[in-house]
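Build out the structure end to end from the sequences listed, making use of the hints.
Chains as they are written, first to last, in this note's numbering: chain X, 21 to 200; chain C, 529 to 850.
Just so you know, the hints here were simulated from the structure itself, not pulled from any lab data. Note that beta-carbon positions come from the ideal geometry of N, C-alpha and C, so glycine has one too. Please note that a few of the clues may not be correct.
Each pair of labels, with its calculated beta carbon distance range [unchecked claim]:
id, chain 1, residue 1, chain 2, residue 2, range
1, X, R134, C, R784, 33 to 41 Å
2, C, L551, X, D116, 36 to 44 Å
3, X, A42, C, N600, 25 to 33 Å
4, X, Q127, C, E545, 23 to 31 Å
5, C, R723, X, A59, 47 to 55 Å
6, X, M58, C, G839, 53 to 61 Å
7, C, A704, X, M58, 48 to 56 Å
Read off the chains here:
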Amino acid sequence: MTDKAAGETESAREAIEALFRAQGTRLLRLAALYLEDMALAEDAVQETYLKVYKNFSAFRGESDLATWAMRVCINTCKDMRRSAWFRGRKQAVSLDSLPEPAVPVTQEDQEVLRAVLALPGKYREVLLLHYWQGIDARNIAYALGISEAAVYTRLSRARARLKPILEGGFEDEQPHQAGI
Amino acid sequence: MNNPIKLAFDRRFSAIEMDETRLEKLSQAASAKTPGARPIKRALVLALSLLLVIGAAYSADLFLGIIDWQGNEIPPETEVMPTWTPNDTAGISAEALESLAYEALGSKPPEELWLARVENSWTSYFPKIRVNDFEQAQKLLREGGSPLMLPDHIPPEYAFNGGELSLYVGTEYHEALTWLGEESPEPGLTLRGYRLPPEAMGDFSGYLLHFVNKNGETLRLEARLSGGGEDFGLWQGDSCQALEIPGFQRALILERSSGRQVFAQQTGFVPISACGRDYFTRGEDTPENYPLEPEILSDVTYTLYATALSGEEMTALAAQFK
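Here is the structure:
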């Protein structure tokens, strides 16, 4: 390996470590939600880390690095859920198998959790990426491989379904541009 | 910003943090499994090259999953998030109640539209009409003025083995639905029925027709009205190719280990405003305001599936749809 290549490898490692230091909690929580299991979530994030590292040179800048990592993480979780072992698990799942919250969850929180988790998956996924993870529509579209228009449609439908629960709801009626 | 979702999920997941211990484990795993920034021997270069090739293939697998009409491979949009299951109701789980609901809905006569409620979630099952042969399906579609197409004829070695046409409820018929009442076959499960007006009985949203040859090989024809934006499952080992078939806007053929599928898209008819809800979801619980959502149906997606026909034979079959 040349000095230049070695230097690039080292700088990639530093960039990825910084990325996971900044975004690791977000990725871990998302993986925990997808996989409903902390051990699996940790495996998924580790797998994500390795994939990002191995494919770092192929990153084409279609999104920011954090969104790319989130896309890799989501696909890793989906791959794990498609595995024969995972499909064989009981399908009636909840968040009960995840660690108990470190701060109190209110009755209102419980109602919100229940309502959001009752949404059809494609609405729930987009809604949580936006309102929980704070990702804008363009980056959600990239992360999920769907059109931006589909993101807006799903967000709108998800909000309509949650309206009875979230009276007074959101101040922003359109997806904001906060980025990831 | 008032964002109850963020507050609720942040609090629920508050114990999950990327702490220093986890970061250290990530870094160690990467060091163990990836090449470090150090001089390596020629043999290791070769090994690394091989790893990169394997890694690239594995990476490509990641993005197999869904293919759209343009042939773009995109990550799948499957149900991947956990599904909330309400508490058991009178000893029967909500999951079991949903299963019972689908059974009950499927047993209703074709002229009736039934909705089912489990706790606060609703689903509907749109009426289906069984057909006894291919000619009956052709006749019903023709008489209903349906935009759905069928082939002129089926390859002679295949015999009809069952089929059904499904109906939709046009928004213009909402007012004409007749209230049939409610049933509660189990505590926690409510069924609500409406009779369709006779004029709605020719509005077909799709069909599914099965044929089989003497060797047990299958041919299946399926059509479904949709609002566009269709995509198709793509699995490792599948190959996909775009086709041009007269009469269709777009077409694809997927070669799978289990058989071949030709997908074809028909457009160009007057879009249909219909109501549909085919999964359990939260809805308004008032008798006069049944939870049907209007959607615009502007495309038909056809699926031809065969275990023994060649790609050329399937394309030729699709080309005689009219």
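Hint check results:
Evaluation of the 33 to 41 Å hint for R134 of chain X and R784 of chain C yields a pass: the beta carbon distance comes to about 39 Å. Distance hint for L551 of chain C and D116 of chain X: a CB-CB separation of about 27 Å, inconsistent with the stated range 36 to 44 Å. About 31 Å separates the C-beta atoms of A42 of chain X and N600 of chain C, a value consistent with the hinted range of 25 to 33 Å. Restraint check, Q127 of chain X to E545 of chain C: a C-beta distance of roughly 25 Å satisfies the suggested window 23 to 31 Å.
In this structure the hint that R723 of chain C and A59 of chain X lie 47 to 55 Å apart at CB holds, the actual value being about 53 Å. A beta carbon spacing of about 47 Å between M58 of chain X and G839 of chain C contradicts the range 53 to 61 Å that was offered as a hint. Under the hint 48 to 56 Å, the C-beta atoms of A704 of chain C and M58 of chain X, about 54 Å apart, fit the expected range.
Going through the hint list in order, the structure does not satisfy hints 2 and 6.
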